[in-house]
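Those protein sequences? They're chains A and B, same order as listed.
Oh and the first sequence: position 122 is 122 in the working numbering, straight run, nothing missing.
Oh and the second sequence: position 249 is 249 in the working numbering, straight run, nothing missing.
It is possible that some hints are incorrect.
Note that identical chains are pooled: a pair holds if it fits in a single copy or bridges any two copies.
[Claimed, not checked] Derived DMTMM-like pairs: lysine to aspartate or glutamate, alpha-carbon spacing no greater than 25 Å straight-line:
| no. | residue 1 | residue 2 |
| --- | --- | --- |
| 1 | Lys-79 | Asp-271 |
| 2 | Lys-235 | Asp-148 |
| 3 | Lys-79 | Asp-96 |
| 4 | Lys-203 | Glu-125 |
| 5 | Lys-203 | Asp-213 |
No lab work stands behind these hints, which were simulated from the structure alone.
Protein chains: 2
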Amino acid sequence: MQTVGIIGLGLLGGALARRLLKTGLRVAGYDLSADRRAQFTSNGGIALENSRAVANAAEALLLCLPDSNAVEEVVLEFKSSLAGKLVSDTTTGDPDRTAHLGSDLCRHETRYNDATVLGSSREAEVGNVIVMVGGKAEHVQDASSMIDRFAKQWFHMGPAGSGARTKLVVNLVLGLNRAVLAEGLTFAQVSELDPEKVLNVLKAGAAYSRVMDSKGAKMVQREFAPEARLSQHRKDVRLILEQGQRHGGHLPLSRLHEQLLAEAENQGLGDLDNSAIIEIFRRK
Amino acid sequence: MQTVGIIGLGLLGGALARRLLKTGLRVAGYDLSADRRAQFTSNGGIALENSRAVANAAEALLLCLPDSNAVEEVVLEFKSSLAGKLVSDTTTGDPDRTAHLGSDLCRHETRYNDATVLGSSREAEVGNVIVMVGGKAEHVQDASSMIDRFAKQWFHMGPAGSGARTKLVVNLVLGLNRAVLAEGLTFAQVSELDPEKVLNVLKAGAAYSRVMDSKGAKMVQREFAPEARLSQHRKDVRLILEQGQRHGGHLPLSRLHEQLLAEAENQGLGDLDNSAIIEIFRRK
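Here chain A stands alone, though its shape is the one from the complex (with noise of 0.2 Å):
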């Protein structure tokens, strides 16, 4: 039986390492907390004593942390005992930082790629995530078994950096849909329309978007349990800006979207769910 070893065992890699796991793979894994480590034993899996080991067990390899930091500092310590194995990343980083690390590695004889995960880690437990891939066409055909474990549906976008940079994309037109779905209810409010009777005619119609399914009651009942923090989002949306800046973009959507989500900090919603945005459009 094939090993697939999982650096990273918070909400996504736990997630994956499950994933993996029911289908029938043999994983070893390795993570910071103690407490990660033993849930990950619980599960079936082999928790062992840091990365380096990990990644000597194991052929294909999993890096899941929370951004290019903690990829880069994992990388460090055992570039070496990388070569010839076969990487996916499915970190959130900076697309640039991934693509350099993608030729980095590949000097030294690693399959690299980046492999992000679009879906909750709810979705990638039960194998229902979308995966955006960069790399060379040969390590993505590499990884593709295994991706094919976890993901409903996935596509290869370009070399490494391809996959973190659709991301960011999806992530700018997410969070915007999000921004807007709100200013339309609370025009709503303000014109004395039901907002839920309004939600119910934008799920009809051409306006439709899916964030009206995942946030409109959210945002009506006002009911802002995190599943995924504004604060999260503002970060996404700062790496939006700096990749836009860097790359000649113009994003003057996500410029005003950066200070709705700077002021809803400043008004302490950052801990709350990313629907919670809709408080600023209500402020007046």
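Given chain A, work out where chain B should sit, using these hints.
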């Protein structure tokens, strides 16, 4: 056989006339344009010499006019002839003026409702639009059998003017979703991703919005043959901002949207399809 009257035989009025004729009604109509009247006659309608004649000939009337000015002009002409009649106004007008007209006509015993239509004239012709109705419950009930003939779904939103108000909310969300898609696809392009591939990723996941189906390919291929003109949407956005100001709404995204649309018009894109908004994001 019941006779329905239609005043205004433009794109929408003409399509509704054809639809009602197809469902077996007798339809009397008037339009300022002789060409449109001739077209209407050739489709089986009964063209009359003026609006008053239409009002006299039919118990139930549809107004399909370009804006609130036209509606008020027509109605003032023969307000007394409308006593006891059922008037459904499909015009996308200023909601406050629509509400005012509704209560004025109500005092003259006219059963008025505003029944704004969401969808193209092509969809109206096959009975596939969504209708947002404002008016007294009993008047809306009276109009429902006619609305059922051309709507796949309709919603009673509240008192007179509520249909027009809801239409503005829908237009706010629809137009901004379009602008968001435009910014996202441009960001994809400067990030050296294939916009067509990215469009497929966007459609597959949580960032999906229905404008991706209607406008995505047009934006990617820069094919801007007008289905609905950019300048027309700018007028909608101005109406949204006016209403927002009057009712105390905070609409920062729509304010920015108006600036972007103004910029687009200044660059000569006004007569193109509203998907041409993407050119504004591309300009840098």
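So, going through the hints one by one against the coordinates:
| no. | hint | result |
| --- | --- | --- |
| 1 | Lys-79 / Asp-271 | neither (36 Å within a copy, 57 Å between copies) |
| 2 | Lys-235 / Asp-148 | neither (29 Å within a copy, 48 Å between copies) |
| 3 | Lys-79 / Asp-96 | within (19 Å within a copy, 67 Å between copies) |
| 4 | Lys-203 / Glu-125 | between (28 Å within a copy, 22 Å between copies) |
| 5 | Lys-203 / Asp-213 | both (8 Å within a copy, 15 Å between copies) |
When held up to the earlier numbered hints, the structure conflicts with 1 and 2 and fits the remainder.
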